[in-house]
Amino acid sequence: MKYLCLICAETWMEKMPEDERGRHFDEYREFTDDIRRTGNLVAVNRLQPPDRATTVRVRNGKVSTTDGPYAETKEQFGGYYVIETRDLNEALRIASRIPGARYGSVEVRPIAEDAQTLGSLGLGTATTPR
Amino acid sequence: MTEYVANPAHDIVESVYRADSRRVLATLIRLLRDFDLAEEAMHEAFAAAVEQWPREGVPNNPRAWLVSTGRFKAIDRIRRRARFDVSFEEIAEQIEDLPADEREADHEGVDDDRLRLVFTCCHPVLIPDAQVALTLREVCGLTTEEIARAYLVTPSTIAQRIVRAKSKIREARIPYEVPGRTQLADRLESVLRVIYLVFNEGYLASSGGTLTRHDLSAEAIRLGRLLVELLPEPDVVGLLALMLLHDARRAARTSESGELVLLDQQDRQLWNRDEIADASKLVERALSSHGFGAYTLQAAIAALHAEAPSAEATDWAQIVALYDVMLRSDPSPVVELNRAVALAMRDGPAVGLAVVDQLLDGGGLEDYRLAHAARADLCRRLGLASEAQASYRRALNLTQQAMERRFIERRLAELEK
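Taken in sequence, the protein lines are chains A and B. Using my numbering, you'd call the opening residue of the first sequence number 1 and step up by one each time. Using my numbering, you'd call the opening residue of the second sequence number 1 and step up by one each time.
You can take every hint at face value.
To list a few chain A residues with every Cβ distance to chain B over 10 angstroms, as calculated:
1) 8
2) 9
3) 16
4) 31
5) 36
6) 44
7) 53
8) 54
9) 58
10) 68
11) 76
12) 82
13) 105
14) 122
With beta-carbon atoms standing in for the labels, derived distance ranges:
15) A:30 / B:393: 52 to 62 angstroms
16) A:17 / B:89: 54 to 64 angstroms
17) B:331 / A:29: 34 to 44 angstroms
18) A:86 / B:397: 49 to 59 angstroms
19) B:289 / A:86: 28 to 38 angstroms
20) B:331 / A:48: 41 to 51 angstroms
21) B:364 / A:18: 34 to 44 angstroms
Note that these hints are calculated values from the structure, not bench results. Ideal Cβ placement from N, Cα and C applies to all residues, glycine included.
Next up, chain A with everything else stripped away, as it sits in the complex (with noise of 0.2 angstroms):
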């Protein structure tokens, strides 16, 4: 089963002290090593901060877009783990070692791979009868 773990963390690694960084860095280079070794890791990004982003909406055909992210919160995301396990409980032990968790937090969303979803993103085979 997959799972997305979404980092929020309100410190943002670009206002880091520049050793404090490299730890940081190490830490996630370690940690991202150590999930592929075990082939729990199935994708990984860093996201750059909310203020550059854009918000894309389209209404009546017409495409509008503002700047800065869709919702305005205190804690943004700032990077994400795909990750492949047996279970939540798996899950969850492998999102409590992202570094960014004990500064922030990681919010843990199973990914949806039903037949309906793989079907119609074209994904998979599992609609095509046997």
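With the hints as your guide, set chain B onto chain A.
Just chain B now, kept in the frame of chain A:
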């Protein structure tokens, strides 16, 4: 309804249902990997038993028969669905392919299943309200209506909590398992908290319908006994003892007119001596094992109260010492307050008052009604009437529960004389 004559096979189905339906359900959830499917399967299995047992005789192992019948009924049901949605075919195959030893419903396996059910219902990723509702529904077998009545909410509120919890278990894939040694302490804490929440809801009877609320305490004690039987960890034993000790004093806690009676005023003749004796043995057992925690310490304190012939003749020194142990492992202002009250009994109200005032100055307890009530009581015993009144008023402002309010109002009236 034509054959409503005394029918021994019917009676047996009924008694098997009462004794074993939760065990059958717990095993079916493991085999079918789905709460709703397992519940339907269990009901179909019992329906089949009502039909077949009178005709064909009661099977040698009724529980195993019910599990296997339920499983086949569920596979049938999934196969029927698979005609419209092939994804069910895979599920049916998975269930059918389970190795025979995993399907067995021997005694030990069944006990594991019941523990799996308890730990899953009390999984910390579910909100506490949902843990409680799910545990009462699945482990205790209460109906949604019964739970709603006990918690004074609508059945649809309870139903919603249960549906949400079940769907999280299914969709987020919360595993149906007993946690391993490294996780056990943490996960057990959440199970014990759920049981104690259910007990207190019944015991503290925040309002109305006291009869159904008593049932909640009884249900919690039953859960406690089940857990002691399945997983006799020290604090599991300690919690059962603690609940029994509170329960033993139930009859003395309120007067005939329904007024609150404090511990030192209670008629100790009304205490349930058998329950106290049972609980005291459990306390000793928990205290002599390695790794007991807060529930055992609370039970040990409650046992000292329960065994004392009067408030004055209570072993207050020992109680203060037990609070000291509690504070070392888990410091909290509420425990400090309880210790101060015991200290006042050991060394006199003036000593207690000094500590309580220090605690109130230290912050963290200003909005805690029992801190002000304790201060008021100590002032009253010292003859400081106006200080006592001020503290009782403070406590009254913070108290919602009707019985407690009336108690404080009585005390205030006495002080005005």
